[in-house]
Amino acid sequence: MSEVVKTKAPSEPLFSKKNRKLITDPLTDNNPVTIQVLGICSALAITVQVMQGVVMGLSVIFVTIMGNLVISMLRNMIPSKIRIIVQLVVVAALVIIVDQVLAAFLPDLSAKLSVFVGLIITNCIIMGRLEAFAMANKPWPSVMDGLGNGLGYAGLLVLVAFFRELFGSGSLFGYPVLGSPIPTEDSPLGTGLFALGYANNNMMVLPPMALIIVGVIIWVQRARNKELQETH
Amino acid sequence: MAVNKESNGYTFGFAIAMVVVVGTILSLLAIGLKPMREANNIQKKQLEILSAFIDLDNAGISRKNVKDKFQEFVNLEEAVVLNYKGEVIDGVYDVKGNIVPGSAFDVDIQQEYKDKKRAGEHKNYPLFIATQNGKKLYVIPVVGKGLWGPIWGNICLSEDMNTIEGASFGHKGETPGLGAEITQKFFVNRWIGEKVSNESGEFTKFEIVKDGSGNAAEKKVDGITGGTITSKGVEEMANRCLVVYAAYFQNLKNSAK
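Residue numbers (the working numbering), protein chains in the order written: chain A, 1284 to 1515; chain B, 190 to 446.
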């Protein structure tokens, strides 16, 4: 009987320093996109508008949290021979849930995100966290880890989308902050900045520009934090 | 009782149990959300038909109230389905070319356009009739292909069954800022006022031009710079679809004389 008492670890507070670090680390020094360079594909594809980035980010947060939670709860039951398949099935099921719910409640946005919601399955961040973290940790820290990595991904998505929508379409969340480039009878050049001769950067709405913005973010981040710089 | 987690029996058992549980959850979800998805599709179709002659934003029409507004403007009982010669058919063609009961609203021209099993002469051409300010309007759904994927639209003819009164275009994934601009008002407005048939009642083809002459010339529409292939797609779509309806309207006018 006494053995049982000994092996029981002292219970940790829910938001202990260690758990908080699980959330904050992926936001900055261990960002899944800029440091681990995972999930780049969707970051390039759906960051034309901030709203798309937000919904995609929320979808991924849902999948990382729920995926980590389910896998962590099942971690002692999953046969190791088929653990990757089990992870895939759980992730695929969650992604289908997200896709179906979006199609039912946000049909217009769902049409814009098109295949990229389905492709969350192939987002390396999710499989990476399941295999590296949830398979070896208790449910609560896994949820924290999922939340942190999901937020790290969503945050970067929104940041990239901010620059792309602002300079590519002159708007944010669809609201024309820089004025409208559509000519009217009163103002042949458009309104706002466009009336002064400003023009949208069409390059911004194409995927390659997202890669360049992500590159600049990585550059800024590494320039500010010497620890992240690699020496060869 | 200790369970050997590495045994084949346990592995198979786990896999089967997992598939059954996940399958049940997903199919329940799909069944539960099906009515919503169907309602969404109907709303989208209604919005697209209305957008051919109403500015949806100005009129405050959204998914929430489109059902009532659609009934206010469009009488689905007047809608007809034409064959490729522009003759009214009683029902709709199925994929094998048999005429089966069906309504114009249920015809999915986008599906029929890409369906390779369906012969060209078995395509259905629905025509919707709307009333706005006491005037009859004829809304023609069109479908074609752009640079990256399908494009579609609804073209609205005025009471004379010839002049384009309004239009709306949509696309699946044309290049943002270039081909995707076909949905913008400035492009749609270039079509307004164009005539489908000439004075002797023959259909003449539309042409997308690059030299900016489209504003003045009849049957010419200015394209979008940098969106040439998408613009050409709209041209092909309008010509291929409108010729059918031009024949129908011509017959209608001849029989009225």
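Treat the hints loosely; a few may be bogus.
Unchecked claim - In the DSS-like style, the derived pairs of lysine-lysine whose C-alpha atoms are separated by at most 30 Å in a straight line are: (1) A/K1395 x B/K256; (2) B/K305 x A/K1301; (3) B/K194 x A/K1395; (4) B/K194 x B/K234; (5) B/K305 x A/K1395; (6) B/K285 x A/K1395; (7) B/K194 x B/K312; (8) A/K1421 x B/K194; (9) B/K274 x B/K285; (10) A/K1395 x B/K274.
Rather than coming from a laboratory, the hints here were simulated on the basis of the structure.
Do the hints match the structure? See the list:
no., hint, verdict
1, A/K1395 x B/K256, "holds (23 Å)"
2, B/K305 x A/K1301, "violated (59 Å)"
3, B/K194 x A/K1395, "violated (44 Å)"
4, B/K194 x B/K234, "violated (53 Å)"
5, B/K305 x A/K1395, "holds (26 Å)"
6, B/K285 x A/K1395, "violated (33 Å)"
7, B/K194 x B/K312, "violated (58 Å)"
8, A/K1421 x B/K194, "holds (19 Å)"
9, B/K274 x B/K285, "holds (18 Å)"
10, A/K1395 x B/K274, "violated (36 Å)"
When held up to the earlier numbered hints, the structure conflicts with 2, 3, 4, 6, 7 and 10 and fits the remainder.
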